[in-house]
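S.K.: One line per chain: the protein sequences are U, S, C and P, in this order. The numbering used here applies: residue 1 is where the first sequence begins, and numbers increase by one. The numbering used here applies: residue 1 is where the second sequence begins, and numbers increase by one. The numbering used here applies: residue 1 is where the third sequence begins, and numbers increase by one. The numbering used here applies: residue 1 is where the fourth sequence begins, and numbers increase by one.
In short, the hints are calculated from the structure, not lab data. One or more hints might be untrue.
The list treats identical chains as interchangeable, and a pair is accepted whether it falls inside one copy or across any two copies.
Unchecked claim - No farther apart than 25 Å at their CA atoms in a straight line, the calculated lysine to any residue pairs in the SDA-like style are these:
id: 1; residue 1: Lys333; residue 2: Val23
id: 2; residue 1: Lys340; residue 2: Asp76
id: 3; residue 1: Lys18; residue 2: Val184
id: 4; residue 1: Lys181; residue 2: Pro156
id: 5; residue 1: Lys222; residue 2: Gly271
id: 6; residue 1: Lys174; residue 2: Leu347
id: 7; residue 1: Lys222; residue 2: Arg346
id: 8; residue 1: Lys4; residue 2: Arg219
id: 9; residue 1: Lys4; residue 2: Glu268
id: 10; residue 1: Lys333; residue 2: Asp27
id: 11; residue 1: Lys333; residue 2: Pro24
id: 12; residue 1: Lys333; residue 2: Ala44
id: 13; residue 1: Lys222; residue 2: Leu347
This one's a predicted model, so the numbers in the text were calculated from it and none came from an experiment.
4 protein chains.
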Amino acid sequence: MPTKKELLISPIQHIDIKQHNVVPLVDAMQSMAYSSRDLARAAAIYERMLRDQDCGVILCLAGSLISAGLKQIFVDLIRNNMVDAIVSTGANMVDQDFFEALGYRHWIADDLYRQGTEDATLRELMIDRIYDTLIDEEELRLCDDTCKVIADSLGPRPYSSREFIREMGAYLEKNGKTPAKGGVDSIILAAYEMDVPIFVPAFSDCSAGFGLVAHQHERGDKPKVSIDSVKDFYELTQLKIANPTTGLLMIGGGVPKNFAQDIVVSAEILGVDAPMHKYAIQITVADVRDGALSSSTLKEASSWGKVDTTFEQMVYSEATLALPLITGYAYHKKAHAQRKERHWARLLEPVTA
Amino acid sequence: MPTKKELLISPIQHIDIKQHNVVPLVDAMQSMAYSSRDLARAAAIYERMLRDQDCGVILCLAGSLISAGLKQIFVDLIRNNMVDAIVSTGANMVDQDFFEALGYRHWIADDLYRQGTEDATLRELMIDRIYDTLIDEEELRLCDDTCKVIADSLGPRPYSSREFIREMGAYLEKNGKTPAKGGVDSIILAAYEMDVPIFVPAFSDCSAGFGLVAHQHERGDKPKVSIDSVKDFYELTQLKIANPTTGLLMIGGGVPKNFAQDIVVSAEILGVDAPMHKYAIQITVADVRDGALSSSTLKEASSWGKVDTTFEQMVYSEATLALPLITGYAYHKKAHAQRKERHWARLLEPVTA
Amino acid sequence: MPTKKELLISPIQHIDIKQHNVVPLVDAMQSMAYSSRDLARAAAIYERMLRDQDCGVILCLAGSLISAGLKQIFVDLIRNNMVDAIVSTGANMVDQDFFEALGYRHWIADDLYRQGTEDATLRELMIDRIYDTLIDEEELRLCDDTCKVIADSLGPRPYSSREFIREMGAYLEKNGKTPAKGGVDSIILAAYEMDVPIFVPAFSDCSAGFGLVAHQHERGDKPKVSIDSVKDFYELTQLKIANPTTGLLMIGGGVPKNFAQDIVVSAEILGVDAPMHKYAIQITVADVRDGALSSSTLKEASSWGKVDTTFEQMVYSEATLALPLITGYAYHKKAHAQRKERHWARLLEPVTA
Amino acid sequence: MPTKKELLISPIQHIDIKQHNVVPLVDAMQSMAYSSRDLARAAAIYERMLRDQDCGVILCLAGSLISAGLKQIFVDLIRNNMVDAIVSTGANMVDQDFFEALGYRHWIADDLYRQGTEDATLRELMIDRIYDTLIDEEELRLCDDTCKVIADSLGPRPYSSREFIREMGAYLEKNGKTPAKGGVDSIILAAYEMDVPIFVPAFSDCSAGFGLVAHQHERGDKPKVSIDSVKDFYELTQLKIANPTTGLLMIGGGVPKNFAQDIVVSAEILGVDAPMHKYAIQITVADVRDGALSSSTLKEASSWGKVDTTFEQMVYSEATLALPLITGYAYHKKAHAQRKERHWARLLEPVTA
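The following block holds chain U by itself, in its conformation from the complex (with noise of 0.2 Å):
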């Protein structure tokens, strides 16, 4: 049996899409059939979208893309004012994000087990395994970990997943986890410098739920912090109402999909009639013959009045392949170069102060 040491070798590197420029190849493709032609009108219309001074642009994150090395376009968009507001699952924002935000790193797995057959020689090495990738168990213990510090650090109330990602990256930069230290850029921590607001609408899904039903539980009947979903959706919906253009760009489906989906109707339901959002990119590889969610298509999202179809495109692709050629194309044409700073989490301040 190897040991942990000689399998955690080879560190997932993120790629950065500043230094690649994919306008060409790109443009290229617009022409020709398939996803290649459905990724550059994607393409496209994420640069229209970033140019169209009233959008603002939601970035909704599903499946384990951290992980992948997709970390850097992420961080990358938020610093260069290239997304307003992220919608994802737990797993991106804690487990891997704020997991490498803390020192720690994904590595990548031999081919061998990818296949599933090392599955238990992983588990008594404590390795956990995400199909080619590999992460040590007791970095991501002290992740959870740290999460109840956060949380234990906190006045006991119902707080939007928003709010305590916040205060995640509020502890990052005051424990020096920042690259002016010698940390590592991360998403939450760039969002917290830029006004990002980070929502994670299914939050005790992940490392911070570990770490906050250990607080739970330390507090017994004592007043202590939880997660109120509904006051996300209250505050995503605010931003839709104070900012009524918006675009969607979502790297697969599930909940984080749904969920930007739906502030349309939730304006609706507070009385105000917000438009359909403008724009929307779905990268995936689910196929839409389940009837699922996530596979459905936006033109389906648009007989339920969320999704305009004059600028939608479904890109069926894995979505490390697509994703770093359709925001480095924006990145390169400079689409945000004239775009206004938004700060949307000053905007929801007042909301939950």
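Got chain U sorted already, so can you dock chains S, C and P onto it with the hints?
M.R.: Using the frame of chain U, we list chains S, C and P on its own:
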């Protein structure tokens, strides 16, 4: 343009596994290949977990399953003591099951409509589409409103989704939405009556979310109902601690799969060395190669210490084909005949009261 | 390392649709959603094409279906006059059906082996793997050899694959490989006896190819047997011309699907205005988004003038689940009861003699 | 209803990998996860097989690739000595490459058309559709006719598809369909000029089949051209025997994949102990779980003794995204710079003359 009435004429009808003895058919599949053999093995594992007197069965639901005609299966599993807890997406429980419990229906969409070219028409008619199924959006709004009515009636404090859904069951009973009074049976009602707890970890991400947002909006700064997803996680973990031997029957992936798998780790964090889920079945069409949780194998989950691999089976099939065969097999083998009722909801009342 | 004998112990067993009356089950699927409703509609279309006295039924087979336990279904379709011609990949007809007719079997592979990590062991043991199924490679070589024996016995000229496969049927009969003499039934034998022509348009791409290459090699410059795929196309077109109303029952895509669809155009090229295929069903898991023929919709085929769209249905399912239900439905509805035998092979003898 | 002219306005344009140095981008993918890492490894394997002076490279093509804008890649691979033989479906070579060589084009279909709801209109306009691409059916008939003209000009005997396709190359040259004379470059022409043999094992299953059927029909009982697929198999096996070290670059699966893999076994049957394919790459979106050959892993092929597993890589991606990156990587790394030309077609002339 057709009228709404012309489009909503053929209702979805729920399959009744009690009427179809599929045992010989599934037995024949045991010695075939591919999905049929996997399905037969999954059916045998479900039978085995029901015959294991120590085993608590957790049902996980993702994807639009109720609207697809699978509701009666879940009702039958509850009423026949074949499931002890449910973890679900909100859409299945609220937008679809509770919606039908209120007296509304889902409708078959003609082949033309699933192509997405008629969604503008549907939008105008206030008809929502789920692939090949249609919903009257005005009825869905009434479902949202009912959730608000329930929220308004509750004392202001953080609730687990389980607690709130239990109140929905009480509402159905109180308002005569029961078979005894001419209503239709429902998952929420059956679970209420049989003390089967239902967890929806991303509870605001559905019709209930709309009702709750309206509730919180109306309350403004006054005390209000909130939904604490940490509490859900804590409660489900308590069930695992109280009943260490567990089996998972999962349809689709997403949050419900992750959430239910995670309770093994959560128990450990609370200081209890709970065993991995002893049995696990997942029906899915998701492809493992994109690395997402929904498609991750149960072997992979074993590297995380969540699922034992002796009795695990992935079934690669769209659920409307596989689920009637798997559950029908266990039902007609009378695997549940000697099974003791668990009434897990009662276990949780001291926790939450 | 295990021995070959230890690995080849559990044979694949073919499902017998005659034993399972699935009519009520499939009828219940009519009012559900997704694949179940599609499947029910496909079953109804197959029933309809069998009741249409004018309609000739062409069965198209791609994917490893016989090794998967579906052989008896095809034998039953032939012997019950539910199919009039077959277009197949070579593997299904030669490596698998003829192979079993010679007395060999396919074997269930233990779960470990489908992961691919043990293939070096299998290689050493001369065991071939098809996903979760195993084959004794030494037996397969004997199947190759038998094809050579048949080729050696024939007069040297170009043959259609249909002619050659007919000789394979004759070989089975002559050598006592029939149920009457203690052998197992087979598609090739049943088709031989029932005058159902079988076409394999890429005939050298299978075990027969190995036998034929050896035959041609041995003959050197002397006259030899060759396989003329144009002749296949010509013959199948003749059948379309002689029997203009046709229906397709397709499992998988590939060459068989394309070949059978093309005969409409081919007839036109021979100056006969043949109608499009009136009925068409395809069972597949292939995804339409890669633009390949295997996954192209039957609607797309209608743009080519090949398939009418009134009675067409794609069923998105792995075949071992869907095919027993679709064919079992038609069988138990006795859709074939009044159907006249066509003996299409007889039609072709004047063409080829 | 639009006119044909209105629908056929934006031509598919072929991507030119020579213009896009993707080396840094692909190198960055090496340390990511999922498809990007697989793709980077595949690119490195392709580079390695080109640098291996002993290795002959066989390119396998399935799916509608030429119509999708990938033609120039294959032309460049041939003209830059990066491929030594091609095994393809007929559609790619005849309906698409030869078709374009004759001066016709493929056209971009508007988003509306890919949904399948407008296929009746396309049918009426004599426009054929491949997912999101359109073809003028009248032009395609002229392509069929040209194949007949070529067949009519040949001496009556069995031909391998390779021989026939070589005649198609000669036809293009003779009729001035060359870049030098203002024509467009094509795979068939480049292969003709560079002595790269092209095999289409199911040759009648394409536009050439229509021409050949018309040819045979016209000839009636007189001597005629036939297409002997056994001869194809024999010839490709001879190449393997003459050049034992081989690598496969496969796009899609189907007959080309199976056929090329099988020559290892075929050599053995001719008494030559040829090594397995030393290198193998397959780009596909097919899912392994249906057991079909197209999706079977290269590990599985190793159980059959066909593919070595040291340098094999499956890339799960739609080809228009992955292929430009993989081939562009090898091209810009100048992996072919020192490579000797093989002119395999010359090796076969003594065999066939």
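S.K.: Indicate, hint by hint, whether the structure satisfies it.
M.R.: Hint check:
1. Lys333 / Val23: The answer is both: 7 Å in one copy and 21 Å across copies each meet 25 Å.
2. Lys340 / Asp76: within (16 Å within a copy, 45 Å between copies)
3. Lys18 / Val184: within (17 Å within a copy, 37 Å between copies)
4. Lys181 / Pro156: neither (31 Å within a copy, 44 Å between copies)
5. Lys222 / Gly271: between (38 Å within a copy, 20 Å between copies)
6. Lys174 / Leu347: within (23 Å within a copy, 42 Å between copies)
7. Lys222 / Arg346: Answer is between; shortest inter-copy Cα gap is 23 Å, intra-copy 31 Å.
8. Lys4 / Arg219: neither (35 Å within a copy, 53 Å between copies)
9. Lys4 / Glu268: between (53 Å within a copy, 21 Å between copies)
10. Lys333 / Asp27: Result: close both inside a copy and across copies, 11 Å intra and 23 Å inter.
11. Lys333 / Pro24: Answer is both: 10 Å inside a copy and 19 Å across each meet the 25 Å cutoff.
12. Lys333 / Ala44: within (10 Å within a copy, 30 Å between copies)
13. Lys222 / Leu347: between (32 Å within a copy, 21 Å between copies)
Of the numbered hints given earlier, the model fails hints 4, 8; all others are met.
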